[in-house]
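Engineer: Throw the hints in and build the complete structure from the sequences for me.
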Amino acid sequence: MVGLVEEIRKVLEAEEEAKKIIESAKKEAEEIKRKAEGLKVDVAKEVEEAKKRVASELEAKMKEEVKAVEEELEAKVSKFKEAASRNMDKAVEELLKLVLPGGA
Amino acid sequence: MSSLDKIVGKIIGDAKEEAARILNEAKSIAASMEEEAKKKADEVVQAEVSKFRQAKEEEVKRAVMEARIKAKERWLKEREALINQAIDKVKERLARLVGSPDYAKSLEALIEEAAVAIGGGDLLVQLNERDAKLSLDLEGIAKRVKEKTGVDTKIQLSEVKVQCMGGAVVSTRDGSFIYDNTLESRVRRQESALRLTAAKILFA
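Same order as they appear, the protein sequences are chains A and G.
If you count the first sequence from 1, position 68 lands on 68 in the numbering used here, and the numbers rise without skipping.
Adding 104 to a residue's 1-based position in the second sequence gives its number in the numbering used here.
FYI, nobody ran anything at the bench for these hints, they're computed from the structure.
The structure displayed is predicted, hence computed values, not measured ones.
Among the clues, some could well be false.
Mimicking DMTMM-like on lysine to aspartate or glutamate, the simulated pairs with C-alpha atoms at most 25 angstroms apart in a straight line are [claimed, not checked]:
#  : chain 1 : residue 1 : chain 2 : residue 2
1  : G       : K193      : G       : E129
2  : A       : K19       : A       : E7
3  : G       : K237      : G       : E212
4  : G       : K114      : A       : E28
5  : G       : K247      : G       : D206
6  : G       : K144      : A       : E30
7  : G       : K143      : A       : E48
8  : A       : K27       : G       : E139
9  : A       : K81       : G       : E295
10 : A       : K52       : A       : D42
11 : G       : K142      : A       : E46
12 : A       : K52       : G       : E163
13 : A       : K33       : G       : D206
14 : A       : K79       : G       : E184
15 : G       : K155      : A       : D42
16 : A       : K61       : A       : E46
One-sided excerpt, in silico: chain A residues whose CB lies under 10 angstroms from chain G [stated by the list, open to error]:
#  : residue
17 : E13
18 : K35
19 : R53
20 : K61
21 : V66
22 : K67
23 : L73
24 : A84
25 : S85
26 : M88
Glycine residues also receive a C-beta, built at the ideal position from the N, C-alpha and C atoms.
Structural biologist: Structure (structure tokens):
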């Protein structure tokens with residue numbers, strides 16, 4: 001009789017232990033879900049960083065394009081200065097013809 | 105192992121299995137939630153960055169456009185400076201010309217052109233102090249003006265002097281018609297044509 005009571009007690013203890021294990025797991029699971037719910041991506045920080053990347057990329061693009069415009073201008077100015085220097089005397093002669101009847 | 109131990113072991117084992125299942129399920133749900141949160145955040149970031157990029161690209165376009173406008177302005181300025189240089193050289197040449205022996209012929213041509221423009225008649229010619237001392241064939245000019253206009257023409261040097269580099273102011277004696285054919289006036293009158301011609305030749 002004593003043996004049977006002892007066995008029932010051990011089974012009940014085991015069930016109690018099992019209950020605690022499951023309860024503990026449920027609590028831990030709840031904690032995991034709560035943490036997941038509380039997870040917040042720092043959007044502002046990510047936006048800020050992405051903006052910095054975009055700004056830097058476009059800044060470089062702008063500098064490159066402005067430089068190209070300036071280089072194109074320099075080439076053009078240099079080209080027509082050369083042409084003007086080559087043609088100046090001829091131009092002056094032609095202009096004199098316009099200013100003076102019968103030319104200079 | 106007694107049968108009691110087996111029962112106890114089974115109870116505890118089942119409990120551990122159930123606990124593991126509960127935890128795995130929770131982790132899986134958490135992972136999905138995390139993924140969803142990241143996805144939403146990513147959408148927000150993409151939308152914000154897209155707007156920012158668009159605005160920034162507009163800025164780039166404006167900056168490049170401004171650079172192009174400035175370049176165009178500088179180009180025009182350089183072009184104008186070269187055209188002005190040509191016109192200044194023309195003025196220098198004219199200043200040299202008025203001191204040369206050939207100038208008298210040019211002055212006669214200027215007087216004739218003005219006299220013809222007026223239509224001939226009784227005309228007075230105003231010159232500057234220096235040119236008034238030149239020996240000019242005013243009669244010859246008058247003859248040629250008559251040939252061109254069909255009007256009897258008399259040309260006389262006026263006592264009045266003009267302040268100019270060279271050239272002449274021709275007028276009818278009564279002053280009703282005046283033709284300013286000084287070199288300065290000719291340059292001024294023909295400035296547009298001079299600039300156009302200069303540009304065409306200089307930058308050919």
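Engineer: Taking the hints in turn, state whether each one holds.
Structural biologist: For each hint, the structure was consulted:
1. Proposed proximity of K193/G and E129/G is contradicted: the alpha carbons are some 94 angstroms apart, above 25 angstroms.
2. For the proposed pair K19/A and E7/A, the alpha carbon gap of about 18 angstroms is at most 25 angstroms, so the pair holds.
3. Using a Cα cut-off of 25 angstroms, the hinted pair K237/G and E212/G holds, with the two alpha carbons roughly 13 angstroms apart.
4. With a C-alpha separation of about 23 angstroms, the suggested pair K114/G and E28/A falls inside the 25 angstroms cut-off, and the hint holds.
5. Our distance criterion of 25 angstroms between C-alpha atoms is met by K247/G and D206/G, whose separation comes to about 21 angstroms.
6. This hinted pair checks out: K144/G and E30/A have alpha carbons roughly 23 angstroms apart, not beyond 25 angstroms.
7. A C-alpha spacing of about 17 angstroms is found between K143/G and E48/A, which places the hinted pair at or below 25 angstroms, so the restraint holds.
8. A hinted pair counts as satisfied when its Cα atoms are at most 25 angstroms apart, and K27/A with E139/G qualifies at roughly 23 angstroms.
9. The hinted pair formed by K81/A and E295/G meets the criterion: a straight-line CA distance of about 21 angstroms does not exceed 25 angstroms.
10. The straight-line distance between the Cα atoms of K52/A and D42/A is roughly 16 angstroms, inside the 25 angstroms bound, and the hint therefore holds.
11. Proximity of K142/G to E46/A is assessed by CA-CA distance (about 11 angstroms); at most 25 angstroms being required, the pair is judged to hold.
12. For a cut-off of 25 angstroms, the pair hint linking K52/A to E163/G stands: about 15 angstroms separates their Cα positions.
13. About 107 angstroms separates the Cα atoms of K33/A and D206/G, which puts this hinted pair outside 25 angstroms; it is violated.
14. For the hint linking K79/A to E184/G, the alpha-carbon distance of about 15 angstroms falls within 25 angstroms, and the restraint holds.
15. In summary, the hint linking K155/G to D42/A is supported, as the alpha carbons are separated by about 19 angstroms, within the 25 angstroms threshold.
16. A threshold of 25 angstroms between alpha carbons decides the hint, and for K61/A with E46/A the separation of about 23 angstroms falls inside it, so the pair holds.
17. A cut of 10 angstroms between beta carbons decides the hint on E13/A: the least distance to chain G is about 8 angstroms, and the hint holds.
18. A distance limit of 10 angstroms between C-beta atoms decides the matter here; for K35/A the minimum to chain G is near 7 angstroms, and the interface restraint holds.
19. The beta carbon of R53/A is positioned within 10 angstroms of a beta carbon in chain G (closest approach about 9 angstroms), and the interface hint is therefore held.
20. Hint status for K61/A: holds, given a least beta-carbon distance of 6 angstroms to chain G, under 10 angstroms.
21. Because the closest C-beta pair between V66/A and chain G is about 4 angstroms apart, less than 10 angstroms, the hint holds.
22. Interface hint status for K67/A: upheld, as the beta-carbon distance to the closest one in chain G is roughly 9 angstroms, under 10 angstroms.
23. Restraint check, L73/A versus chain G: the minimum CB separation of about 4 angstroms is within 10 angstroms; hint holds.
24. Restraint check, A84/A versus chain G: the minimum CB separation of about 4 angstroms is within 10 angstroms; hint holds.
25. A hinted interface residue such as S85/A counts as satisfied when its beta carbon comes closer than 10 angstroms to some beta carbon of chain G; here the least separation is about 9 angstroms, so the hint holds.
26. Hint status for M88/A relative to chain G: holds, with the closest Cβ pair at about 6 angstroms, below 10 angstroms.
Taken one by one, the earlier hints fail for this structure at numbers 1 and 13, listed in ascending order.
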